[in-house]
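Student: Following the hints, position chain B against chain A.
Line order of the protein sequences matches chains A and B. Numbering-wise, our numbering comes out as the position in the first sequence, counting from 1, plus 24. Note that our numbering numbers the second sequence so that position 45 is 33, with each residue one more than the last.
Heads up, a few of these hints could be off.
[As the list claims (entries may be wrong)] Partial pick of chain B residues on the chain A-facing surface, computed with a CB cut under 10 Å: (1) Glu32; (2) Ser86; (3) Gln92.
[Said to hold, decoys possible] Only pairs whose alpha carbons sit at most 25 Å apart, straight line, appear in this in silico DSS-like list of lysine-lysine: (4) Lys41(B) <-> Lys6(B); (5) Lys24(B) <-> Lys(-3)(B); (6) Lys29(B) <-> Lys139(A); (7) Lys127(A) <-> Lys41(B); (8) Lys29(B) <-> Lys97(A); (9) Lys10(B) <-> Lys(-3)(B); (10) Lys(-3)(B) <-> Lys7(B); (11) Lys27(A) <-> Lys24(B); (12) Lys127(A) <-> Lys24(B); (13) Lys10(B) <-> Lys127(A); (14) Lys29(B) <-> Lys127(A); (15) Lys10(B) <-> Lys29(B); (16) Lys28(B) <-> Lys127(A); (17) Lys24(B) <-> Lys7(B); (18) Lys127(A) <-> Lys26(B); (19) Lys27(A) <-> Lys28(B); (20) Lys27(A) <-> Lys29(B); (21) Lys27(A) <-> Lys26(B); (22) Lys28(B) <-> Lys139(A); (23) Lys29(B) <-> Lys(-3)(B).
Source of the hints: derived by calculation from the structure; they are not laboratory data. Since the structure is predicted, the reported quantities are computational estimates derived from the model, not experimental observations. A virtual CB, placed ideally from N, CA and C, is assigned to each residue, including glycine.
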Amino acid sequence: AQKITQTQPGMFVQEKEAVTLDCTYDTSDPSYGLFWYKQPSSGEMIFLIYQGSYDQQNATEGRYSLNFQKARKSANLVISASQLGDSAMYFCAMRGMNTNAGKSTFGDGTTLTVKP
Amino acid sequence: DTEVTQTPKHLVMGMTNKKSLKCEQHMGHRAMYWYKQKAKKPPELMFVYSYEKLSINESVPSRFSPECPNSSLLNLHLHALQPEDSALYLCASSQEASTGYNEQFFGPGTRLTVL
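Just chain A, same shape as in the assembly (with noise of 0.2 Å):
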């Protein structure tokens, strides 16, 4: 089975500073893939990020960073630079390679607001 945690429901940052939303997981695959996701009011789910559990490098896209800790099964998201457009729905998801392949295991998400 697979799980993913989010365990900050609402962030609030400040313009213009970094934020760091955080994200723990679960799983019984050797391998598999972590994303993130931002889903802003109008519905849209936005891939920003992805990290293979392979890679030995962190990802990086932009402003978007993915700091992935597999020892602690951690991969959470941080943004650089906040932008009021930046305020959305981030959601962490998972897919495994195995038993889960095809499948996406969500987090419950987290609303972030950018400040002015």
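Tutor: The following block gives chain B in isolation, referenced to the frame of chain A:
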């Protein structure tokens, strides 16, 4: 073109109506998905199609009937729905379903209201 389109954007239907949701992608992806999402909750997987064949059905009631006419199109046929089926229905696609090493691209969703 990294886009998944869904129609309609909004749908209001009665419990006796029959309607269909449509999803289309032109990224050459071989896996397509339907999710149901309630407000402020994570998406719940409903169906997975891999190479146009249904590979996962998450015990979804038969009033929801998926169809994959070709590799670019995915439909969700709705019949005799209940008010608790009101939700955002999201379609997604990915290169493959059998690996966790590729991201899913989501459409904008259809907001369904069942009266």
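Student: Mind listing which of the numbered hints don't hold for this structure, in increasing order?
Tutor: none
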